[in-house]
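2 protein chains.
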Amino acid sequence: MAAKYVYINDTFIATDKASVLITDLAIQRGYGIFDFFKTIGGKPIFLDDHLDRFYNSARKMHLHITYTPAQLKAIIAELMEKNDLPDSGIRLTLTGGYSPDGFQLPEAHNLIITQQPFLMNLSFNNTGIKVILYDYQRQLSGMKTIDYSMAIWLQPFIRENGADDVLYHHNGQVKEVPRANFFMVNEQQEIITAKSDVLPGVIRKNLLTLENHNYKIIELDFNLQDLDHATEAFITSTTKHIMPVIQIDGRPVGDGKPGKISEALLNLLLEKVKQH
Amino acid sequence: MAAKYVYINDTFIATDKASVLITDLAIQRGYGIFDFFKTIGGKPIFLDDHLDRFYNSARKMHLHITYTPAQLKAIIAELMEKNDLPDSGIRLTLTGGYSPDGFQLPEAHNLIITQQPFLMNLSFNNTGIKVILYDYQRQLSGMKTIDYSMAIWLQPFIRENGADDVLYHHNGQVKEVPRANFFMVNEQQEIITAKSDVLPGVIRKNLLTLENHNYKIIELDFNLQDLDHATEAFITSTTKHIMPVIQIDGRPVGDGKPGKISEALLNLLLEKVKQH
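Chains Y and L, in that order, are what the protein sequence lines are.
First residue of the first sequence? That's 3 in our numbering, and the numbers climb one at a time after it.
First residue of the second sequence? That's 3 in our numbering, and the numbers climb one at a time after it.
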């Protein structure tokens, strides 16, 4: 079940009619950016963080957004009203646009805003997920581009290995999973997430800036050997908040169960989500 | 001026109406493959090589082409007849298709065949091009995916450096340019092109398999130091055949003029194109 309306460039249109011409650079050359946030009970969560990142991705990818953040917020509000989906995921996509020769980046891009029903689960996941390691460094990693070629391509590999997701590492350094950041807890009970060449995730940022607690939550590059000594691990994303990782490449993380620190961090994060 | 018709999945439609829904994985996740060949005087050039590569890219990217090569050839012939463009470029694109959740690879993909006017220049280019070096390894490099994020992103960098194109290298090894393979001639008059992790170009293949000549044309990985000693260099692609490279990172290649061996190879290649 999809939402009734989407917004493309300057118009609300019926979702089943929402299309772009095949000359778009997303189709021709896989070029575009996006962002994705959720709404809970009609309230967009961490919207300013997502808009900041969306504008930042656009700027770094040589793309222009013709609306101000305030205008975008008004369009999002109108879309939410039309669709009447209080619990949802909203995706902002900016594709390269229509390129006459299928290669040169045009001046005008295509802005697409879609909404879909999504009910956020706010409780701690007591099952967790299993990940499999894969050597890969995301290109243009600081921007949220639409390039998930590797992640889509690895879907059979993940299934065949009985895993739920893939954890990228490169030159020995642990990086991220395709749609989430990765955190580990070390033996000193420090909570660390890769500092370099990973997507600046919004939940990641909100964990790193949590206040009023005694945990040490830091950005720090770490390697596969460090990972072997993790006592807990979890991934963070807009749709998962904090999801425990209980197994990596077939080996249990810590005691192989979702961790106490992971759960405590989720509770701290949820306070922030509710205050938001 | 575009051709009048394109073919999408199973239908010829007017080019200005040619679109795909925004749920396509090309738009959502940059996932798809393509191939591109030219026609000269109504005759497709190296079509079997291009179709071989298209099917190979599809298979390796977990995509299915529902037509046999013979059926695809018949569709291409019909498109050419309808568009009446004897000198053209024809692009076959296979996108990931409509994914209900915007991430899982669906069973059905979208096949798009477009044609555009293109008159192949068969004479040797006596001007040549300048390239600038950039450290990058294309991901999924053996398949012709639609991912040219880096190439599009580098357009301002290329312009700012007064270059015509970018030459990728990685871990010291010379690779390729975004839409062409790269060859250098060394001091032993060997003509070499990178062996590993580059696109298997059709002109590259047809040069490597040239017959009845006394040149040594080989696949061999070489590094930036080897490149410093190049006496000639050129790139190969469907639309350029052999294009001399006269400058790399501001330094002249050999005497800084298009080379004699490059020209001789073009003439050998043109024999093959004409016999084709």
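What the hints contain is simulated information worked out from the structure, not anything from laboratory work.
Please note: incorrect hints may appear among the correct ones.
Pairs of lysine-lysine residues, derived as DSS-like cross-links and limited to a Cα-Cα distance of at most 30 angstroms, are as follows [what the hints assert, rightly or not]:
#1 LYS45(L) / LYS6(L)
#2 LYS19(Y) / LYS259(L)
#3 LYS6(Y) / LYS84(L)
#4 LYS62(L) / LYS132(Y)
#5 LYS62(Y) / LYS197(Y)
#6 LYS274(L) / LYS218(L)
#7 LYS6(L) / LYS62(Y)
#8 LYS132(L) / LYS6(L)
#9 LYS242(Y) / LYS207(Y)
#10 LYS197(Y) / LYS207(Y)
#11 LYS259(L) / LYS84(L)
#12 LYS84(L) / LYS132(L)
#13 LYS207(Y) / LYS274(Y)
#14 LYS242(L) / LYS218(L)
#15 LYS19(L) / LYS19(Y)
#16 LYS262(Y) / LYS274(Y)
#17 LYS259(L) / LYS84(Y)
#18 LYS19(Y) / LYS6(L)
#19 LYS259(L) / LYS207(L)
#20 LYS197(L) / LYS262(L)
#21 LYS75(L) / LYS45(L)
A quick note: this is a predicted structure, and the numbers were derived from the prediction, not measured.
A quick look at each hint next to the structure:
1. LYS45(L) / LYS6(L): 19 angstroms, holds
2. LYS19(Y) / LYS259(L): Violated, at about 54 angstroms.
3. LYS6(Y) / LYS84(L): 38 angstroms, violated
4. LYS62(L) / LYS132(Y): 25 angstroms, holds
5. LYS62(Y) / LYS197(Y): 19 angstroms, holds
6. LYS274(L) / LYS218(L): 18 angstroms, holds
7. LYS6(L) / LYS62(Y): 36 angstroms, violated
8. LYS132(L) / LYS6(L): Distance of about 35 angstroms is beyond 30 angstroms: violated.
9. LYS242(Y) / LYS207(Y): 14 angstroms, holds
10. LYS197(Y) / LYS207(Y): 11 angstroms, holds
11. LYS259(L) / LYS84(L): 43 angstroms, violated
12. LYS84(L) / LYS132(L): 39 angstroms, violated
13. LYS207(Y) / LYS274(Y): With Cα atoms ~12 angstroms apart, LYS207(Y) and LYS274(Y) stay inside 30 angstroms; holds.
14. LYS242(L) / LYS218(L): Roughly 22 angstroms between the alpha carbons, so the hint for LYS242(L) and LYS218(L) holds.
15. LYS19(L) / LYS19(Y): 13 angstroms, holds
16. LYS262(Y) / LYS274(Y): 19 angstroms, holds
17. LYS259(L) / LYS84(Y): This hinted pair is violated, its Cα atoms lying about 63 angstroms apart.
18. LYS19(Y) / LYS6(L): 23 angstroms, holds
19. LYS259(L) / LYS207(L): Holds, because 25 angstroms separates the two Cα atoms, which is no more than 30 angstroms.
20. LYS197(L) / LYS262(L): 24 angstroms, holds
21. LYS75(L) / LYS45(L): Holds, at roughly 12 angstroms.
In terms of the numbered hints stated before, the structure departs from hints 2, 3, 7, 8, 11, 12 and 17, listed from lowest to highest.
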